[in-house]
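Novice: Let the hints inform the model, and build the full structure from the sequences given.
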Amino acid sequence: MRQLDREQSGHLRHWDELSRRQPNDWSLMQGKGTGQDDFGGYRFQLAYMVYGLALTHRHRLPAAPGLFRPMMQRLIDKLLLPEVWMYWRDVSRGGSVFNAHLADRLGEEWDPVVRDNIMYSAYVQSCALLHDHLFADDRYARPGSLTFRHWSFFWGGGEKRFAYDRDSLTEHLYWQMVRNGYVGIACEPNCVFQICNQPAILGFRLHDLLTGGTRADDVVAGYERAWAEFGRLDAGGHYNMMLAEDSRAVRPNEAPSPWVDAWCGTLMNTWNRDFVRENYPRQVADFLVPGPDGTLSVRSAPARQVMGQPVVTDTCDTGWVAAWASEMGDRATLDGLLAHADRFMAPTWRDGALHYPRNDTPADACGHRTEIEPMTGNVLLGYARLNVADGLWGLYNEPWSAAHHAEPALVEVDRDVEVSRAEVVDGVLHARLRRETAVPGDGAVTIGRVPAGARLLLGGTELDAPAVDGGVVVRVPDGPAVDLALVP
Amino acid sequence: MTAPPIRAAFDLVDHHGREVTERTYRGSWLLVQFGFTSCRVVCPRALAKLSAALDALDPPPGLVVPLYVTVDPERDTPDVLRAHLEAAHPRFTGLTGPPERIEEAKRAFLVFARRRPDPDDPDGYAVPHTAITYLVDPRGRPAHHWPDTRDAADITADLRRLVLSPPPDAR
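For the protein sequence lines, the chains are A and B, in the order given. Sequential numbering from 1 applies to the first sequence in UniProt numbering. Sequential numbering from 1 applies to the second sequence in UniProt numbering.
Mimicking SDA-like on lysine to any residue, the simulated pairs with C-alpha atoms at most 20 Å apart in a straight line are: (1) 49/B <-> 153/B; (2) 160/A <-> 107/A; (3) 106/B <-> 248/A; (4) 106/B <-> 172/A; (5) 106/B <-> 147/B; (6) 32/A <-> 309/A; (7) 160/A <-> 109/A; (8) 49/B <-> 91/B; (9) 49/B <-> 88/B; (10) 160/A <-> 93/A; (11) 49/B <-> 217/A; (12) 49/B <-> 38/B; (13) 160/A <-> 24/A; (14) 49/B <-> 225/A; (15) 32/A <-> 361/A; (16) 106/B <-> 176/A; (17) 106/B <-> 115/A; (18) 106/B <-> 246/A; (19) 49/B <-> 221/A; (20) 106/B <-> 179/A; (21) 160/A <-> 83/A; (22) 32/A <-> 300/A.
In case anyone wonders, no lab produced these hints; they're calculated from the structure.
Specialist: Encoded structure:
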């Protein structure tokens, strides 16, 4: 039986709450960096909430599309907001130490997916495709369904509008890969990160599943050949971080930084499981710090100084190592990291929602790590709790068949209903539901794809629930969780 | 699979020393592969595969023109190309030219190729390159592409559909 525990439900509730914020209300999500150009940016938080929802739906609550679908749509809506991608107008001009020599050739680019910036475009692509794959939908195939637009009353002239959809964006990314010899698409100009090209590969795979084709296999074959020249790993056995497009100089994970290995390993497990697993135990051991009572924390690399400036960024080291351990099925490491977070990182419950608030203080008086970023505290610890071993691998390699989408399921879930179980076992839909009175809502779920003559049981009592448009609406009573069964 | 977003354009020299452009071949389907004659793995495999696909298709003379465009113009002169192709891959016509025209062709076809040191090469370098094969229709429009991972049977099947039974506007 697959059932969520209290903390897992708390993370889902928190993601639901963040997804419902008014446009440009980013409270609790702001990190240390300026201008959305670092690893704690809204785009990463939004995208990995979508990924976490996809993993939870695929592996834990497969019969609750009504819980996940609207949440994913709201998060993707936010991913398209200009506040999320307007950094590209500035970053596209170059000027970092890696592309300062190119700055004269680079101009301001408003379209956030037309060149480079795979650290954004691949998330838009893969999130839209996760949605359409998991819900057997064509929502993001509609022309213009992924449109980036900006207009200000105060400056900038006319509207900027760049219209894409899941197909045109995938096609565009694919041909950028081809043009670059499959080594990958750059994030900042001239900087091709291994990490940030992995979501695009997941996107190609999902696109192949939806439309046919072999884009993912083609790209993986080309990627393997291209990186064979440089090596996936550096001399220290950690993942090479990035490649300078023009000089072909590889930047190793020199510190090493936990996030480089953890993020890359998590995502690369989709298509390269044996390699990732072979290297994981040795790599992760370099980053873990044992603490009291079996707790584990993550040792970050010292903040770098570049051009006489300290690099200010949310490393999200703790969160990425937790996500990596969850994908590897390393329960002991994951439990140790979560125990540390619960003890030293101020778990906070509000209206049934769980998160770990940002804390910039490196450690407490006893030296226990307390620093945590919004990406870790809002998203990645929840992601790690909700993921299963080989969760992303399963999304990539074991897609749902059409039969899944014909099974009975909770197709609508009101905001105030907590779903801790939703699966079909031997033809019977089983769900566990609880009314969360701290948030507004009508306390109902709608069961769709109901077989003729099916019997509905709530708390063991047979119900004669009203049918609407082929579905059945069930009111969830106040009080403790109740079990629902739909028996054909 | 949609048509590749390339410009099928070039201004080069064939392996007989004749100036050619994409317009030279109007009326024929072009099968275009980029590579270099010193390539030890990717090109021999690709050219052998494409030759096998064409053997299986057995098109009438002139219907399909297979072209092999070098990304290594310094070594791949017309004579070198002709000797290499006539010996091993006689269906193909080699194209070369001044480096700047090769660069233009690469840009037009979205081909990546970059010289790098190779201690196993007698001249000390190799030119890793994109191994996509393009099909251009008789009007000069990009029609299809095959990544390196497609096998000869797939390519033959696609060619049979596209070249032997094309839609009216592709003839």
